[in-house]
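Engineer: The chain contents come next:
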Amino acid sequence: MPSFDLSEAGLLAGMAAGEPDAAVLARLHSRLAADAGSAGVLDLAYTVMDSPVGRLILAATDAGLVRVAFECEGVDEVLQVLSDRISPRILEAPERLAVPVAQLQEYFDGARHSFDLDLDLRLTSGYRRTVVQVLQGIGYGHTVTYAGIAALTGNPGAVRAVGTACGRNPLPLVIPCHRVLRSDGTTGGYRGGPAAKKILLDLEAAA
Amino acid sequence: MKPFEQIVQEHGPAVLRVCRAVLGPQDAEDAWSETFLAALRAYPALPEGANIQAWLVTIAKRKAIDQHRSAARNPLPVEQLPEPPPAGGAAELDGLWHALKTLPVRQREALAYHHLAGLPYAEVALLLGGSEAACRRSAADGMKKLRTLYREDRNAIL
Numbered sequence: 200m201p202s203f204d205l206s207e208a209g210l211l212a213g214m215a216a217g218e219p220d221a222a223v224l225a226r227l228h229s230r231l232a233a234d235a236g237s238a239g240v241l242d243l244a245y246t247v248m249d250s251p252v253g254r255l256i257l258a259a260t261d262a263g264l265v266r267v268a269f270e271c272e273g274v275d276e277v278l279q280v281l282s283d284r285i286s287p288r289i290l291e292a293p294e295r296l297a298v299p300v301a302q303l304q305e306y307f308d309g310a311r312h313s314f315d316l317d318l319d320l321r322l323t324s325g326y327r328r329t330v331v332q333v334l335q336g337i338g339y340g341h342t343v344t345y346a347g348i349a350a351l352t353g354n355p356g357a358v359r360a361v362g363t364a365c366g367r368n369p370l371p372l373v374i375p376c377h378r379v380l381r382s383d384g385t386t387g388g389y390r391g392g393p394a395a396k397k398i399l400l401d402l403e404a405a406a
Numbered sequence: 005m006k007p008f009e010q011i012v013q014e015h016g017p018a019v020l021r022v023c024r025a026v027l028g029p030q031d032a033e034d035a036w037s038e039t040f041l042a043a044l045r046a047y048p049a050l051p052e053g054a055n056i057q058a059w060l061v062t063i064a065k066r067k068a069i070d071q072h073r074s075a076a077r078n079p080l081p082v083e084q085l086p087e088p089p090p091a092g093g094a095a096e097l098d099g100l101w102h103a104l105k106t107l108p109v110r111q112r113e114a115l116a117y118h119h120l121a122g123l124p125y126a127e128v129a130l131l132l133g134g135s136e137a138a139c140r141r142s143a144a145d146g147m148k149k150l151r152t153l154y155r156e157d158r159n160a161i162l
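Chains A and B supply the protein sequences, listed in that same order.
Under this note's numbering, the first residue of the first sequence is numbered 200, with each subsequent residue one higher.
Under this note's numbering, the first residue of the second sequence is numbered 5, with each subsequent residue one higher.
Check the hints yourself; a few may be wrong.
[As the list claims (entries may be wrong)] DEER-style ranges, computed between Cβ atoms: (1) G53(B) x D234(A): 26 to 32 Å; (2) R66(B) x A297(A): 33 to 39 Å; (3) L224(A) x G53(B): 25 to 31 Å; (4) S382(A) x A49(B): 49 to 55 Å; (5) S135(B) x R230(A): 23 to 29 Å; (6) A238(A) x P17(B): 19 to 25 Å.
[What the hints assert, rightly or not] Partial list, derived from the structure: chain A residues whose beta carbon lies under 10 Å from chain B: (7) M248; (8) L290; (9) R311; (10) S313; (11) F314.
Simulated from the structure, these hints should not be mistaken for laboratory data.
Positions of the beta carbon are idealized from the N, C-alpha and C atoms, including for glycine.
From just these sequences and the hints, can you work out the full model?
Structural biologist: Given below as structure tokens:
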């Protein structure tokens, strides 16, 4: 019955005229994030912020900040790993990350030299976790070599393992793996790319 | 398993359309919120490969029943027509809802689940009960009636 189909198409077009607009969906999304938070069913909240080293993805659990990632790692990829390793109950919920976002902004403005945040280190374990904990002791504007970190962990032969641990640091910037350099003075690799590492070192050297 | 955020992005608009068609623009947002909150709670236990849209619509239907029930407990003057909204899209929607709410709930649901949520009639039958053919008939009857009513309504607006 072609005439009926035509009317049906017209009707469906009428329904599409009432297509939920972006503003309504955005409002519903914030409400969902807030309701999920109070109901205790939001296992991971995340947000994306601008920074001098590109956009950053920040994710937190109830225990604290669990992941800082660079845009070059891919937002979808980062969220998928969090879903697989922690929980798929993930929503974008910027309010839940207001404090780390503010502290990172102060850091990029040169106004903050250390972070005061609850950290959730569950994405790192074993020797990598030991390295990450040692990294937390490197002060603003200071640098250490990979060999130096290996020595500090009591395992001076583990230079390569230190490099891997820095590369897999789940909380770059906040846990300052960018302050670890090669023994020949070159900057070495970085999860956010070598250019980002240089920007951070220059920022801290200028202070 | 996909992060739930992706589920909201992919299915949020369709679920809102369904809630609007079944409950009207006023109650749709509450139903949407309750649907996605319940879905988030249950999500980790959802079997791999499940039809997510059908699952969400099932939850939305349950929420719609709750709302119908609470509306019956607290009757509101629904016969009063809302003020004409300013935006064109919203006017279309209100005109459509004006026509939709004269349909029996079953026809409205069959229509929304098949045409707006894109569920095959076999899935619609699981949701509404009865046979696939009966659901197809409900949707067709609803569509036929809606076509007449909506056309009158549009003519009245234009």
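Engineer: State for each hint whether it applies.
Structural biologist: Right, here's what the structure says about each hint:
Separated by about 28 Å at the C-beta atoms, G53(B) and D234(A) satisfy the suggested range of 26 to 32 Å. At about 34 Å, the beta-carbon gap between R66(B) and A297(A) stays in the expected band of 33 to 39 Å. Between L224(A) and G53(B) the beta carbons are some 26 Å apart, a value that agrees with the proposed interval 25 to 31 Å. Between S382(A) and A49(B), the C-beta spacing of about 51 Å keeps the proposed range 49 to 55 Å intact.
The beta-carbon spacing between S135(B) and R230(A), approximately 38 Å, falls outside the hinted interval of 23 to 29 Å. Range check, A238(A) to P17(B): about 23 Å between beta-carbon atoms, so the 19 to 25 Å window is met. Among the interface hints, the one on M248(A) is violated; its C-beta lies about 16 Å from the nearest C-beta in chain B, farther than the 10 Å criterion. The interface hint given for L290(A) holds, since its Cβ lies 5 Å from the closest Cβ of chain B, which is under the 10 Å cut-off.
Taking 10 Å as the C-beta cut-off, the interface hint given for R311(A) is violated, the closest approach to chain B being about 29 Å. A cut of 10 Å between beta carbons decides the hint on S313(A): the least distance to chain B is about 31 Å, and the hint is violated. Of the supplied interface hints, the one on F314(A) is violated, with its beta-carbon coming no nearer than about 26 Å to a beta-carbon of chain B, more than 10 Å.
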